[in-house]
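**Student:** Sequence:
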Amino acid sequence: MTHKDLADLIFPHITKTIEDYEKMYPERNLPEGAIVTRFAPSPTGFVHMGSLLASFIERKAAKDTNGVFYLRIEDTDQKREVENGIEGIVTDLKNFKIDIDEGALSRTESIGNYGPYIQSERKEIYQAFIKHLLELGLAYPCFCTAEMLDETREMQEATKARIGYYGRYAVCRNIKLEDAYNRIKNGEKYIIRLKSPGDFEKKVVVQDAVKGKIEFPENDLDIVIMKSDGLPTYHFAHLVDDHLMRTTHVIRGDEWVSSLPIHVQLFKMFGFNPPKYAHLSPIMKQEGDTKRKLSKRKDPEAAMSYYAKLGIPTEAVHLYLMTIANTNFEQWYDQNKDKSIDDFKFDFKKISSSGALFDLEKLINISRNYISYLKAEDVYDKVLSWAQVYDNELSELLSKYKEYTISLFGIERYQKKPRKDFESWSTVKDNIWYMYDELFTNVTYDFQKITDKEEIKNILDLYINKYYNELDEKDTWFNKIKELCDELGYASNMKDYKENPNNYKGNIADVSTVIRVVLTSSSMTPDLYELMKLLGIIRIKERINKFIEN
RNA sequence: GGCCCGUUGGUGAAGUGGUUCAACACACAUGCCUUUCACGCAUGCAUUCAUGGGUUCAAAUCCCGUACGGGUCACCA
1020 MTHKDLADLI FPHITKTIED YEKMYPERNL PEGAIVTRFA PSPTGFVHMG
1070 SLLASFIERK AAKDTNGVFY LRIEDTDQKR EVENGIEGIV TDLKNFKIDI
1120 DEGALSRTES IGNYGPYIQS ERKEIYQAFI KHLLELGLAY PCFCTAEMLD
1170 ETREMQEATK ARIGYYGRYA VCRNIKLEDA YNRIKNGEKY IIRLKSPGDF
1220 EKKVVVQDAV KGKIEFPEND LDIVIMKSDG LPTYHFAHLV DDHLMRTTHV
1270 IRGDEWVSSL PIHVQLFKMF GFNPPKYAHL SPIMKQEGDT KRKLSKRKDP
1320 EAAMSYYAKL GIPTEAVHLY LMTIANTNFE QWYDQNKDKS IDDFKFDFKK
1370 ISSSGALFDL EKLINISRNY ISYLKAEDVY DKVLSWAQVY DNELSELLSK
1420 YKEYTISLFG IERYQKKPRK DFESWSTVKD NIWYMYDELF TNVTYDFQKI
1470 TDKEEIKNIL DLYINKYYNE LDEKDTWFNK IKELCDELGY ASNMKDYKEN
1520 PNNYKGNIAD VSTVIRVVLT SSSMTPDLYE LMKLLGIIRI KERINKFIEN
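In my numbering, the protein residues as written are 1020 to 1569.
Source of the hints: derived by calculation from the structure; they are not laboratory data. A portion of the hints provided could be inaccurate.
What the hints assert, rightly or not - Cβ-Cβ distance ranges computed for the label pairs, FRET-style: (1) GLU1274 - ARG1192: 45 to 55 Å; (2) SER1373 - THR1463: 42 to 52 Å; (3) LYS1116 - ILE1203: 23 to 33 Å; (4) LYS1356 - GLY1508: 41 to 51 Å; (5) GLU1274 - GLU1128: 27 to 37 Å; (6) THR1178 - GLU1274: 20 to 30 Å.
What the hints assert, rightly or not - With a Cα cut of at most 20 Å, we get these calculated SDA-like pairs of lysine to any residue: (7) LYS1287 - ASN1347; (8) LYS1448 - ARG1432; (9) LYS1493 - LYS1552; (10) LYS1552 - PHE1497; (11) LYS1214 - VAL1283; (12) LYS1035 - ALA1147; (13) LYS1421 - ASN1411; (14) LYS1116 - THR1333; (15) LYS1232 - ASP1248; (16) LYS1195 - ALA1026; (17) LYS1214 - GLU1176; (18) LYS1221 - LYS1287; (19) LYS1421 - LYS1436; (20) LYS1476 - LEU1507; (21) LYS1448 - LYS1517; (22) LYS1419 - LYS1356; (23) LYS1082 - ASN1411; (24) LYS1116 - ASN1411; (25) LYS1214 - ASP1227; (26) LYS1381 - TYR1392; (27) LYS1116 - ALA1165; (28) LYS1082 - ASP1362; (29) LYS1356 - ARG1438.
Note that the Cβ used here is the ideal one computed from N, Cα and C, for glycine as well.
With these hints in hand, go ahead and build the complete structure from the sequences.
**Tutor:** What follows is the structure, given as structure tokens:
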């Protein structure tokens, strides 16, 4: 009885060797310094913010170096998989314009020569690698039941021993070859464990691109490498896939840091070079006076659908995540507003090693700025597509009054520092509703300073009948308001008013507010002159009459 | 509990032994400008880098302890 006999019993159908796979997936022919990264999610639901951050970094690092970025679906835990999990991931990436060079496009389609890119379809490959280990006696079948494992763990806890399957607790490690052979032959259930050559007393040093040098005890746990369903565990799949797919940089959440001793051990056992690792700190959330990891389960803001609903542009989320990803990005962007993010040079050294606190306010600020620099047509398109999903009424109005709305969005937009009325698509309506007669019903007026209705009527009457002319240029238009003020005893010049407020009934700001409020019901609007031009004389008169008759 | 990581203002952070007044951005506050809002401009906002020790002529920057926070110890990834 040899190790090979056992390996053949367990994997009779596996005929390819690891050398065969080595040939099938040769080293990539890429320029010097090219980085190969991957986004490797489990299809267990939506892509959350932390994963999105990672995939932006992965995409960016590969692009900057003319490398490759690919998508690999890690579906080795079939219990957790959700319906349309893969499609969800693919569309999330698409929405954020994270293009993949290789990988899964759907359950059935993919691009690239290093596939399959869905782990459940790589079963034979993993098994070939496991068989190799078995043949060398570096892995063994384990027949321990969950109950037995629980017992030893309890015992370890009680005796304050280190927890895990190692040393004298690794009971199946010492089962005789023929016993194992016979038990399997008899149909007993088993899994495969690594026969760890590690020594807990010795140290391994790993260089992490984010965390720097980390020193651990060697791994001496006989970890599970193949589950009873024949699929590998994460650790083993990571080894096989990232080696065969020739990944140069593994960028992932820092919950993986503590598995590093296992991973480097695995690579070493096969004589492969491990990839470079970059472990990202989680995005945190403030809760009371403590911070905790932003949670997919508990925090709605972890999901991208949350921002989609708020109407925060995906580009703004991207920008925000980049400020977290590279600490010098924000300054660079501020100085290079005209450039694309592609021109920014990503640097692993500039990744913060402690977890950033998620700041919605900052995201909104970025969003507000981003929207302010968009063209009116783009704002229109984006608001429309948001409204088509979330606000029917708005969507209909936008479609009906396309040119009118675009002109509205253009007010005070094309200047060095544009207006910043819109923080997101969902707040657009609140800022423009009064420009549509359909919504301008049952309005309330708050005239602020001038409250006497007769006086207000007087101002409006005089303004519309004597002064306002649709054809006036802006200067003329404004001068006429000044004349109106002079005629009625309001200060047309703010300086004069401030020097002698008692000489006047009020000032030009108060009078302007009356006109503004009667037309829009709001005291906060973009440039009134532009607004009036858009409304047109008929509508202006209608609105004034509507107030007067009220 | 074991192992690993982190800790600079309300927030993101720059800064790794000696010129940085501890940049910059967001938020906040005040003032100016302005027909409103927004924009813009100006000013203010950590004498101090979690904390206690040590090394050094010199530390936010190096070392040790403490506290706090995070991660991980599955046939989950």
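**Student:** Confirm or reject each hint.
**Tutor:** Checked hints:
{"no.": "1", "hint": "GLU1274 - ARG1192: 45 to 55 Å", "in the structure": "violated (28 Å)"}
{"no.": "2", "hint": "SER1373 - THR1463: 42 to 52 Å", "in the structure": "holds (50 Å)"}
{"no.": "3", "hint": "LYS1116 - ILE1203: 23 to 33 Å", "in the structure": "violated (50 Å)"}
{"no.": "4", "hint": "LYS1356 - GLY1508: 41 to 51 Å", "in the structure": "holds (47 Å)"}
{"no.": "5", "hint": "GLU1274 - GLU1128: 27 to 37 Å", "in the structure": "holds (31 Å)"}
{"no.": "6", "hint": "THR1178 - GLU1274: 20 to 30 Å", "in the structure": "holds (28 Å)"}
{"no.": "7", "hint": "LYS1287 - ASN1347", "in the structure": "violated (36 Å)"}
{"no.": "8", "hint": "LYS1448 - ARG1432", "in the structure": "holds (17 Å)"}
{"no.": "9", "hint": "LYS1493 - LYS1552", "in the structure": "holds (10 Å)"}
{"no.": "10", "hint": "LYS1552 - PHE1497", "in the structure": "holds (13 Å)"}
{"no.": "11", "hint": "LYS1214 - VAL1283", "in the structure": "holds (15 Å)"}
{"no.": "12", "hint": "LYS1035 - ALA1147", "in the structure": "holds (6 Å)"}
{"no.": "13", "hint": "LYS1421 - ASN1411", "in the structure": "holds (15 Å)"}
{"no.": "14", "hint": "LYS1116 - THR1333", "in the structure": "holds (9 Å)"}
{"no.": "15", "hint": "LYS1232 - ASP1248", "in the structure": "violated (37 Å)"}
{"no.": "16", "hint": "LYS1195 - ALA1026", "in the structure": "holds (14 Å)"}
{"no.": "17", "hint": "LYS1214 - GLU1176", "in the structure": "violated (23 Å)"}
{"no.": "18", "hint": "LYS1221 - LYS1287", "in the structure": "holds (15 Å)"}
{"no.": "19", "hint": "LYS1421 - LYS1436", "in the structure": "violated (25 Å)"}
{"no.": "20", "hint": "LYS1476 - LEU1507", "in the structure": "holds (12 Å)"}
{"no.": "21", "hint": "LYS1448 - LYS1517", "in the structure": "violated (36 Å)"}
{"no.": "22", "hint": "LYS1419 - LYS1356", "in the structure": "violated (34 Å)"}
{"no.": "23", "hint": "LYS1082 - ASN1411", "in the structure": "violated (39 Å)"}
{"no.": "24", "hint": "LYS1116 - ASN1411", "in the structure": "violated (26 Å)"}
{"no.": "25", "hint": "LYS1214 - ASP1227", "in the structure": "violated (26 Å)"}
{"no.": "26", "hint": "LYS1381 - TYR1392", "in the structure": "holds (17 Å)"}
{"no.": "27", "hint": "LYS1116 - ALA1165", "in the structure": "violated (44 Å)"}
{"no.": "28", "hint": "LYS1082 - ASP1362", "in the structure": "holds (10 Å)"}
{"no.": "29", "hint": "LYS1356 - ARG1438", "in the structure": "holds (16 Å)"}
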